[in-house]
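K.L.:
Each chain, written out:
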Amino acid sequence: MSEPRTLLAIDHVSKNFGRVTAVDGISLDIRENEFFALLGPSGCGKTTLLRMLAGFETPSDGRILLDGKDIARTPPNKRPVNLMFQSYALFPHMSVRANVSYGLEMDRLPAKEIRSRVDAILTTTELVPFADRKPEQLSGGQKQRVALARALVKRPRLLLLDEPLGALDKKLRGAMQLELKRLQHEVGITFVIVTHDQEESLVMADRMAVLRDGKLLQCDTPHTIYEHPADRFVADFIGVMNFVPGKVVADGVVAANGARIAGKVPAALSPGTSAVASVRPERIRLFPEAQTANRTTGTVEALAYHGLDLQLHVRTPLSPKPFLVRVTSDAADRRPVSSGDQVELGWDPADVRIFAE
Amino acid sequence: MKHQPSRSSLLMAPALVWLTALMVVPCALVLALAFFRRGIYGGIEYTFTLENFGLVFDPLYAGIFLKSARIAGTATLIAVVIGYAAAYAIAAAPRRWQPVFLFFAVLPFWSNYLIRTYAWIVLLNREGLITQLLRWFGYTGDPPSMLYTEGAVIAGLVYNYLPFVILACYAPLSRLNPELAEASRDLGASAMTTFRRVILPLTVPGIAAGAVFVFVLSIGNFVTPALLGGGRFQMIGNLVYDQFLTANDWPFGAALAMALIAIMLLVLMAQALLADRASGHAAQAAGSADG
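Respectively, the protein sequence lines represent chains X and Y.
In my numbering, each residue carries its 1-based index in the first sequence increased by 11.
In my numbering, each residue carries its 1-based index in the second sequence increased by 809.
Everything labelled a hint here was simulated from the structure, so no lab data went into it.
The C-beta atom is built at its ideal place from N, Cα and C for all residues, glycine as well.
The reader is advised that the hints may include incorrect statements.
Unchecked claim - Partner residues aside, some chain Y positions facing chain X, computed with beta carbon under 8 Å:
no., residue
1, Ser983
2, Asn986
3, Glu988
4, Leu989
5, Ala992
6, Asp995
7, Leu996
8, Gly997
9, Val1007
10, Leu1011
11, Pro1014
12, Gln1080
Whenever a hint applies, use it, and build me the whole structure from the sequences.
P.N.:
Spelled out as structure tokens, the structure:
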């Protein structure tokens, strides 16, 4: 595989609104043809960053290089970048076809080419039967596809999507996540999606950036971020994590009750400092084998059946909060547990991540 | 219990009584008046005739109708341009300032129409404020004649009815999703094209409502042309006034008034039809979305 080319370089970009710093010196590269996610809680600066990429905000500092050219001060109508708005922002007085044609008319393309390109994108997005409808006559999912078609038909170098699935119900979201990925593959355009939904970015993104308080915490593949979070916040924000507070020792963390959780200690943490040892719920085994290094006993407080798996809340002496343990339905059937049961939990030191408190 | 009056018709009753007693009956009386002859020494001769309506189309009077329409049309155009711009600026201001700006825009309304119109006499007078201002800047020629001109009448009408346009245009402008304009820019449109193709079409109902208001109130106006126009037959309103109170020709005055009412009704119906078509679109849209 050839080295992926950088399409967009965000270079030490900051944005201040008065005394508030919304984006604080973020640098990251987005590669050609990738599906990139900007993830973070609300107020983390992801939307401001997106609006700077679209051209609706100008950075207070830093450069935004598209194909090596600084576009930080280029107006939105002069950038090969299109944005799919969270509200969809479809023109209510225009039909679906007129909405989709609008951007090509602005490019002053010949009518024939506009027609054929619009027809093609309406076919791809399965909107042909609705071409003459007004936006108010469409369902949420259809509106979303019109917004997507309207942005895609311009064949931008970069397509920005602001919480594109936010307005859809859960079942439709799942379908549209896969649909968006398929479309992205089909049209070969770089997608940058903004979302606060960590599950969504795990599913869709090739790479993702986690933001908090205007700063970039980690930028990597979903797998790496999930398995090797950069810090405690990322570990907590992405997926579910069990935390055991304690003090750092040579080969792990000693919990308040004196139990030792074995795991690899990061070089930056010196023995004696406060830290948390953490482990993902799916890495914990019920009734572990004898040689499992990390183990504890606890009481099952609650059970939640999710179809695919069973989630247990287990009160242990290790942490004030109960442990969350995920057991496959299959395993749960073989050895049923119920509320109030005493259970034994075990996990490998390789699955333990240790972070500064 | 077949025709028990519903609650809504009961609620409507006071308004209907009011309208009938103070609008329909007087209008019917004026209409009836228009079909009689003028008595030789004033008064009314109760013989049926259509000649009052024929006289309305006499070039002399038709000309006054046309002139009134032109003055009202010009005032409407100017009021719409100024009012829309003002409403746009207010809608673009920070949210918490918008009510303050609207308050100031409507403020003149709280004073008397006559007083507001007299203020223009003070302004436009031969030795009025504007002339004094010119002198202060070193102008030494004859004072410009501004008062008692068509321009003065138009200025007075625009000034008096501008708040209607601002309010009518502000409503759709403030409700407009700002992301629509951003989407247009994002898709490659300049600010001007965005205004022409997105913002303007979506706020046309407000413009139409404001424009109809100014036009209808202007074409029948008689206070402003009387005070600022100075002439005798500036507009139809003054003509009607004169027929009733000076010339003592009530039947002809009634015919003129009816013609004026007919023009206003036509304009209002045209606007209602346009508005109905717009909302009919929406209703139809909602219906087929369910299907």
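K.L.:
Against each hint, give a clear statement of whether it holds in the structure.
P.N.:
Here's how the hints hold up against the structure:
no., hint, result
1, Ser983, "16 Å, violated"
2, Asn986, "6 Å, holds"
3, Glu988, "4 Å, holds"
4, Leu989, "5 Å, holds"
5, Ala992, "4 Å, holds"
6, Asp995, "5 Å, holds"
7, Leu996, "4 Å, holds"
8, Gly997, "3 Å, holds"
9, Val1007, "6 Å, holds"
10, Leu1011, "6 Å, holds"
11, Pro1014, "11 Å, violated"
12, Gln1080, "18 Å, violated"
Hint violations for this structure: numbers 1, 11 and 12, all remaining hints satisfied.
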